[in-house]
Each structure stands twice: as C-alpha cells, then as structure tokens.
Amino acid sequence: MILQDPKYSLDPVMTIGRQIVETLRTHEKVSKAEARERALAMLQAVQIRDPARVFDLYPHEVSGGMGQRAMIAMMLVTGPELMIADEPTSALDVTVQLDVLKILDKLVAERGMGLIFISHDLRLVSSFCDRVVVMYAGKVVEQIKA
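First residue of the sequence shown? That's 1 in our numbering, and the numbers climb one at a time after it.
Read the hints as simulated data drawn from the structure, not as lab findings. Heads up, a few of these hints could be off.
Simulated crosslink set (SDA-like; lysine to any residue; CA at most 25 Å straight-line) [unchecked claim]:
(1) K29 <-> Y8
(2) K32 <-> Q4
(3) K102 <-> H120
(4) K102 <-> K139
(5) K106 <-> E37
(6) K102 <-> L92
(7) K139 <-> M83
(8) K145 <-> V62
(9) K102 <-> R123
Label pairs and their computed distance ranges (CB to CB) [as the list claims (entries may be wrong)]:
(10) S31 <-> L122: 38 to 48 Å
(11) K106 <-> D50: 12 to 22 Å
(12) C129 <-> G64: 14 to 24 Å
(13) D93 <-> K139: 30 to 40 Å
(14) M1 <-> R53: 25 to 35 Å
(15) D99 <-> R53: 14 to 24 Å
(16) S63 <-> A41: 13 to 23 Å
(17) E22 <-> K139: 28 to 38 Å
(18) Q44 <-> L98: 15 to 25 Å
(19) R123 <-> S31: 37 to 47 Å
(20) D121 <-> S63: 14 to 24 Å
(21) S127 <-> P12: 28 to 38 Å
(22) Q44 <-> G112: 18 to 28 Å
Treat the numbers as computed from the prediction; the structure is a model and nothing was measured. The beta carbon of each residue, even a glycine, is placed where N, CA and C say it ideally should be.
I would like the entire structure built from these sequences, with the hints used as guidance.
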C-alpha cells in the first residue's frame, strides 16, 4: 500500500534503503546483499537518478516526490499482484504528481498488476483510471468506466 504522505509513512530513524531491505527480508528469505541489490534496482525502477546515494538517505533528506517514489519502491520490491495507492499524489505539487502517476502507470503495466487508486480528485481519477467506483459511508453508490 502506498500511503498519502511519505513524511508520515516512512520511518524517520531508518534510511530509505534499510526500510526497503527490511520490507523485502520480512517477506522473502534473501541475503542482505541480494536484498540491497533488489532495493537499488527498485529505486532505479521508480526513476530515482542516483539510487546508491538515496539508499543511504533518511526520509527527511529527500523531497516529497522522491519520498513518494521510495514508498512505491518499498511497496513493489516484494512483487505484489495488487497495489493499493491511497491518495498517493495529494501531498505533491502538480508537476511531481504527473511524474509519480507516470511511474505508477508504467510499473503497473510492465508488471501486469492491479491497482486500486484511492482519491478525492475526480478529475485525476477520470484521467488516470479505467474504472471508477464511488463510495459513500463505506458503500458503493456508483460504478462507471472512466
């Protein structure tokens, strides 16, 4: 699950790389070296220019957009079949929002995975999603193709 704001979702006392490695090693039996390699590959996959440098940074040392990309890398490192993105662009400025959406779209298509995209921004939803489900008070009230 990709959460709304990386400032509050990433552990402030762990480096970004360590968080990705810990996520992978929690789900799969891999060596530290292999986990590091896969974490660096995921950082590169989410278009972080210098993965080795960012691997050693703490969340407060990166921008909001880079933090969100790190969250995406952490969520994808285990190879899930479904990703849930809860307002993944709401804490980002418009240009960074588009970058993050392009990354999500590309990775979901390449990996053949499903994406549940949660947002209150109907314009964004209509331009990004294939199908829209509107909920109110925990119940589905409308379903349409976007």
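Here is what the structure says about each hint:
no., hint, result
1, K29 <-> Y8, "28 Å, violated"
2, K32 <-> Q4, "29 Å, violated"
3, K102 <-> H120, "19 Å, holds"
4, K102 <-> K139, "30 Å, violated"
5, K106 <-> E37, "21 Å, holds"
6, K102 <-> L92, "14 Å, holds"
7, K139 <-> M83, "21 Å, holds"
8, K145 <-> V62, "37 Å, violated"
9, K102 <-> R123, "16 Å, holds"
10, S31 <-> L122: 38 to 48 Å, "46 Å, holds"
11, K106 <-> D50: 12 to 22 Å, "20 Å, holds"
12, C129 <-> G64: 14 to 24 Å, "22 Å, holds"
13, D93 <-> K139: 30 to 40 Å, "33 Å, holds"
14, M1 <-> R53: 25 to 35 Å, "26 Å, holds"
15, D99 <-> R53: 14 to 24 Å, "19 Å, holds"
16, S63 <-> A41: 13 to 23 Å, "21 Å, holds"
17, E22 <-> K139: 28 to 38 Å, "37 Å, holds"
18, Q44 <-> L98: 15 to 25 Å, "20 Å, holds"
19, R123 <-> S31: 37 to 47 Å, "46 Å, holds"
20, D121 <-> S63: 14 to 24 Å, "21 Å, holds"
21, S127 <-> P12: 28 to 38 Å, "33 Å, holds"
22, Q44 <-> G112: 18 to 28 Å, "20 Å, holds"
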